[in-house]
Amino acid sequence: MNNLKDQKKIQFQKEFLGSYEQAAQYLKDNHYIRSGYRVNYNSYKKSLQSCFHCQSNEFSNIWSHVIGVIIVIIMIFFLYNYHQKEAYVNHVQQQIQLLPKNYKNLVKELYNKFYQENKQLYFLKTIIIQLNNIFSFYIQYQLYQNILNNVQELQNTHLQILDQFQIYKQKQQNKQEIQTKVNMQQFQKLIIIIIISFFYQKKKENIIKLKKQNQQVSVFPILLFLISSMICLSGSILFHTFNCISKKHCDFLLRIDYGGICIIIGGGSYPCIYYGFFCEQNLMHFYSYFNLILCFSVFIVSLFDFLHQEKYRNFKGLLYGSLGTVTSVPLIHLIIKSIYANNQINDYLFLEKSVPYYFGTAIFLIIGLCTYLARCPERFKPGKFDQVCNSHNLWHICVIIGVVFCYFAGIENYFQRVQTQCFI
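With numbering that gives the first Met the number 0, the residue at position 244 of the sequence shown is 243, and numbering never jumps.
Hints in this document: simulated from the structure, not taken from any laboratory. Glycine residues also receive a C-beta, built at the ideal position from the N, C-alpha and C atoms. Any given hint could turn out to be false.
[To be verified] Quick list of the computed label-pair ranges, beta carbon to beta carbon: (1) Lys247 to Phe51: 38 to 48 Å; (2) Ser321 to Phe15: 17 to 27 Å; (3) Gln21 to Cys53: 11 to 21 Å; (4) Cys421 to Tyr339: 37 to 47 Å; (5) Asp250 to Glu279: 37 to 47 Å; (6) Asn281 to Cys53: 26 to 36 Å; (7) Lys247 to Cys421: 32 to 42 Å; (8) Pro376 to Thr324: 51 to 61 Å; (9) His332 to Ser34: 45 to 55 Å; (10) Glu279 to Ser18: 55 to 65 Å.
[What the hints assert, rightly or not] Quick list of in silico lysine-lysine cross-link-like pairs, BS3-like style, CA-CA up to 27 Å: (11) Lys310 to Lys246; (12) Lys310 to Lys336; (13) Lys315 to Lys336; (14) Lys44 to Lys247; (15) Lys315 to Lys247; (16) Lys27 to Lys380; (17) Lys246 to Lys27; (18) Lys352 to Lys27; (19) Lys352 to Lys310; (20) Lys27 to Lys310; (21) Lys13 to Lys380; (22) Lys45 to Lys247; (23) Lys13 to Lys246; (24) Lys247 to Lys336; (25) Lys246 to Lys44; (26) Lys336 to Lys352.
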C-alpha cells in the first residue's frame with residue numbers, strides 16, 4: 000500500500016508540460032498563453048532538457064536568443080578580421096590619392112612663381128650692371144674731352160662739370176634706388192619662401208600628428224556594444240531556461256534579464272558617443288557618464304519587487320523605452336550639429352550613412368516593445384501562439400534585428416571617423 004502511494008507521489012511530481020491553470024503562479028506572466036508551461040522542472044538538468052522540448056512555450060524564447068548570441072559572435076569575428084582592416088585600407092587609399100597630388104601641385108606652383116621671377120630679376124640685375132659700366136665710361140670720356148678742349152674756358156668747363164656731376168649723381172641715385180628695389184623684391188620673395196616653408200613644415204607635423212591620432216581610433220566601442228549584447232542575450236537565455244526551477248530562481252534571473260537590458264542600452268549608445276565626439280573629449284566624457292548613470296539608475300529601480308507586478312507592467316515597459324530614448328540624445332545632438340554646419344569645413348562625424356541604421360534600430364525596437372506591451376497577436380487568439388510568434392518571441396526577434404542594425408551603424412561611424420581627422 001505504501002509502495003503504491005510512493006509511486007503515485009513520484010508520478011505526480013514527474014515533470015510535464017501543462018496548461019496555464021497547472022503552472023506555478025510565478026510563471027503566469029501572460030494569460031493569453033494557454034499551454035506549454037513547464038511543471039515540476041525543479042532542477043538544472045530538467046530545465047536544460049526542456050530547451051529541446053519544442054512544445055514548451057519557452058522554446059522559441061530560448062533559441063531565438065541563442066541564435067542571437069551566435070550572430071553576435073559572427074559580428075565580432077567580422078569586426079576584427081574584415082571591417083577593421085577595410086577601414087585601414089580605405090584610409091591609406093585616401094591618403095595616397097590626396098597627398099602626392101598636393102605635393103606635386105605645391106612644387107609646381109613654387110617653381111612657376113619663384114624660379115621664373117628670379118630668372119627675370121637676375122636678367123634685370125645684369126642689365127643694370129652693364130649700363131652702369133657704360134655710363135661710367137661715358138662720363139669719364141666726356142670729362143676728359145672737356146678738360147682737353149676747354150682748358151681756356153675753365154669757368155664754363157667748371158659749370159659743365161658741375162652739371163655733369165649732378166647728372167651723374169642723379170643717375171647714381173637712380174641706380175641705387177633700382178638696386179635697392181631689386182634687393183627688396185628678392186628679400187620679400189625670400190621671406191615668402193621662408194613663411195611657406197614654415198607652414199609646409201607645420202602641415203607636415205600636423206599630418207604626422209593626425210596619423211598618430213587616426214591610429215588611436217579604436218573598434219573597442221563596437222566590441223563593447225557586442226559584448227553588452229551578448230550579456231543581455233545570455234541573461235535572457237538563463238532566465239527563460241531556469242525560471243521554472245523555483246520562485247527564488249525566477250526572481251533572481253528576472254533581475255539579471257532586466258539588468259542585461261540596461262547594459263545593452265548603455266553599450267549600444269557608446270559607439271555613437273565615442274566616434275561622434277572623438278574630437279570633443281569633454282562632450283564624449285559627459286555623455287558617456289550621463290548614459291552610464293541613467294542605465295545604472297534604471298537597473299537599481301528594476302531590483303525592487305513592485306516593478307515586476309502585473310499592474311506595473313506597462314510602466315516598466317515605458318521606463319525602459321524612455322531609457323532608450325534619453326540615451327539617444329547624443330545622436331540627436333550630432334544630427335543637429337551636422338545640419339547647422341552646412342557646407343563649412345569641420346571635423347564633425349559624417350552621419351549620412353549611419354543614420355538610416357540608427358533609425359532602423361529605433362523602429363524595430365519600438366515595434367517590438369509595443370508588440371510586447373500589447374501582447375499581440377496572442378490576445379486576439381489565445382492559445383494559438385503558445386509556442387511561436389507570440390509577443391515575447393517577436394520582441395526577441397526585434398531586439399536581434401536592432402542589434403544588427405546598431406552594429407552596422409557603429410561600423411559606418413568607425414569608417415567615417417578614421418577618414419575624418421580632428422582639427423589641431
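*Would you list, in rising numerical order, the hints stated earlier that this structure does not obey?*
Hint check: 1, 2, 4, 6, 7, 8, 12, 13, 18, 19, 21, 24 fail, others pass.
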